Amino acid sequence: MKTGTLKQILLITDGCSNQGEDPAHIASLVAEQGITVNVIGILEDHHSEQPEGLEEVEEIASCGRGVSQIVYQETLSQTVQTVTKQAMTETLQGVVNKELTQILGNEKTMEELPPDQRGEVMEVVDELGETCDLEVLVLVDTSASMTNKLPTVQEALIDLSISMNARIGRSRFAVYQFPARKKAIQQLVDWTSKLESISSIFAKISSGGITPTGPALKEAMYQFGKSSLRRRFIKDDYTNIEEA
Amino acid sequence: MITQTSKKPEIHIKKGQIIKGKWHRHRYHIVKKLGNGAIGSVYLCVNGNKQVALKLSKQSASISSEVNVLKAFQAVQGYHLGPSLIDVDDYEATNGFQYSFYVMEYISGDTLHDFIRQNGHEWLVSLLIGFAKDLQVLHKEGYVFGDLKIENLIVSRKPAKLKWVDVGGTTLQGRAIKEYTEFYDRAYWQCGSRKADPGYDLFALAMVIVRIYYPNGFSRGNNPKKTLQLKINQAVDVDPLRRLLLMLIHGSIKDAEQVKDFLLTYFIHQKNKRDQRSASHKRSKKQDSVYPLLEVGSILTIGGVCYLYVTLFM
Chain P
1 MKTGTLKQIL LITDGCSNQG EDPAHIASLV AEQGITVNVI GILEDHHSEQ
51 PEGLEEVEEI ASCGRGVSQI VYQETLSQTV QTVTKQAMTE TLQGVVNKEL
101 TQILGNEKTM EELPPDQRGE VMEVVDELGE TCDLEVLVLV DTSASMTNKL
151 PTVQEALIDL SISMNARIGR SRFAVYQFPA RKKAIQQLVD WTSKLESISS
201 IFAKISSGGI TPTGPALKEA MYQFGKSSLR RRFIKDDYTN IEEA
Chain U
1 MITQTSKKPE IHIKKGQIIK GKWHRHRYHI VKKLGNGAIG SVYLCVNGNK
51 QVALKLSKQS ASISSEVNVL KAFQAVQGYH LGPSLIDVDD YEATNGFQYS
101 FYVMEYISGD TLHDFIRQNG HEWLVSLLIG FAKDLQVLHK EGYVFGDLKI
151 ENLIVSRKPA KLKWVDVGGT TLQGRAIKEY TEFYDRAYWQ CGSRKADPGY
201 DLFALAMVIV RIYYPNGFSR GNNPKKTLQL KINQAVDVDP LRRLLLMLIH
251 GSIKDAEQVK DFLLTYFIHQ KNKRDQRSAS HKRSKKQDSV YPLLEVGSIL
301 TIGGVCYLYV TLFM
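Going down the list, the sequences are from chains P and U.
The opening position of the first sequence corresponds to residue 1 in our numbering, with each subsequent residue numbered one higher.
The opening position of the second sequence corresponds to residue 1 in our numbering, with each subsequent residue numbered one higher.
Treat the hints as calculated values from the structure; they're not laboratory data.
Do not take every clue at face value.
Said to hold, decoys possible - Okay, derived cross-link-like pairs now, DSS-like style, lysine-lysine, Cα gap no bigger than 30 Å in a straight line:
hint, chain 1, residue 1, chain 2, residue 2
1, U, Lys-22, U, Lys-71
2, P, Lys-194, U, Lys-225
3, U, Lys-22, P, Lys-85
4, U, Lys-260, U, Lys-133
All values derive from a computational prediction rather than experimental measurement.
Please construct the entire structure, taking both the sequences and the accompanying hints into account.
What follows is the structure in structure tokens.
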């Protein structure tokens with residue numbers, strides 16, 4: 001079974017969007033392109049009330065066929081990985097479910113299989129999760145209220161890279177921030193396989209009151225097109241070398 | 001078509017509730033919650049007259065994965081690797097969602113902390129020797145335990161043996177570690193990768209021992225590896241144990257058998273040697289007490305002979 005490269009956008013934010021298109025609507029468009037949208041909502045460490053951004057976080061992820069999680073700052077590292085891995089498993093399960101429907105007919109999904117057969121299918125899903133290639137575009141909300149959380153975000157991203165690089169399949173990451181001056185998003189780290197070496201990437205922050213999550217998601221979607229183009233280019237290079 | 005596990009609510013099972021399987025129709029009477037894992041909760045249950053442990057989760061996929069590991073363990077002939085698997089099923093909750101669970105043998109015992117507190121530090125070495133052997137077998141089967149931490153271990157009674165109780169992190173060698181806990185994680189301390197190799201478990205094993213000395217843990221600071229060395233040097237007063245820990249975190253010990261051999265050499269054999277040495281010491285003391293008698297005897301004999309010679313021939 002071929003799964004190609006799994007593509008994910010990981011949105012890390014702490015509040016509601018207040019400018020541009022509806023982010024949930026954009027998320028469903030992004031999902032149509034085969035890119036999963038996962039959302040992590042960060043709370044202040046001692047937030048007592050019901051956080052206001054919570055509903056939007058769930059809505060975006062649900063429209064983006066991804067996973068959402070609300071966390072406190074201190075548990076961010078583990079959450080970033082859990083969310084990424086869970087979203088991978090769910091996407092792969094989706095792929096496997098589609099195959100199952102073709103084989104077994106009548107809309108049979110993994111959950112409806114008896115436990116023994118499910119175990120066998122799960123082995124395939126586990127195997128795919130380990131060996132498939134993965135591309136994660138991390139989109140970080142750097143509006144004013146996020147400033148004190150950014151060092152934690154950076155640590156979490158380094159940790160994510162360590163975890164994903166332990167897999168057999170290849171992983172690539174890019175980091176973007178929003179809002180940015182005169183455009184929707186600003187590139188912080190271009191597509192790379194290792195985030196371990198990044199240091200103080202959030203140093204130059206253009207903080208402001210606006211949070212244009214919708215436009216940022218839309219722009220993020222286009223970055224995948226670029227990456228695959230370049231990869232094709234690199235692949236061509238390789239084949240040329242081999243031929244030579 | 002995508003399963004939205006994130007939409008499925010967490011489930012809270014109450015004491016006294018009955019979990020009935022959808023496929024095999026077995027009934028499990030919940031006695032109490034034993035603990036919360038990364039992917040679900042474990043409950044003590046009664047089925048028939050037997051106490052069993054039941055792990056229930058909203059993530060059906062993860063349950064299936066864990067069951068696969070437990071099944072692989074059962075297939076290891078002649079060796080008891082982890083709790084035995086009893087049943088796998090789904091529970092249809094009253095909220096309309098389906099939750100997957102598996103049932104395994106219930107292992108009762110003490111936490112490592114309690115056991116050491118009650119029985120003393122000298123037990124640690126013998127527990128570790130047995131545990132290293134289990135790890136060795138697990139590694140030989142091609143697995144890595146992964147989420148090795150004090151909370152996942154139990155000391156069973158009669159015989160006292162250190163055992164693992166949650167196999168949720170068990171990963172095939174060469175793959176990425178499935179589940180881990182920061183304090184025990186090699187990559188968190190910047191001492192290596194998060195790839196499943198025997199060394200990953202050995203690092204975590206070292207951290208389990210460190211955790212006995214520091215029950216509340218400590219933060220990693222700016223130079224994690226150095227912090228760790230410093231903390232080990234400060235607290236571990238038994239010289240060979242400290243050396244073992246340092247070797248484990250540096251990755252200079254590659255397999256569990258070496259850990260076992262090291263412990264045997266420096267604690268059991270060394271103890272024997274010490275016993276021997278004290279025994280030989282005693283023996284030499286005995287010789288010391290015999291020696292003057294000999295001396296006196298020989299002087300007397302020579303004296304006697306001289307006396308005889310003088311009286312007879314002079």
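Given the hinted pair Lys-194/P and Lys-225/U, is their alpha-carbon gap at most 30 Å? 21 Å, holds
Does Lys-260/U pair with Lys-133/U here, judged by a C-alpha cut-off of 30 Å? With Cα atoms ~7 Å apart, Lys-260/U and Lys-133/U stay inside 30 Å; holds.
Below or equal to 30 Å on CA atoms is what counts here, so check Lys-22/U against Lys-85/P. 28 Å, holds
With a cut-off of 30 Å on the C-alpha distance, tell me whether Lys-22/U and Lys-71/U pass. 20 Å, holds
Figure legend: structure checked against the earlier numbered hints; every hint is met.
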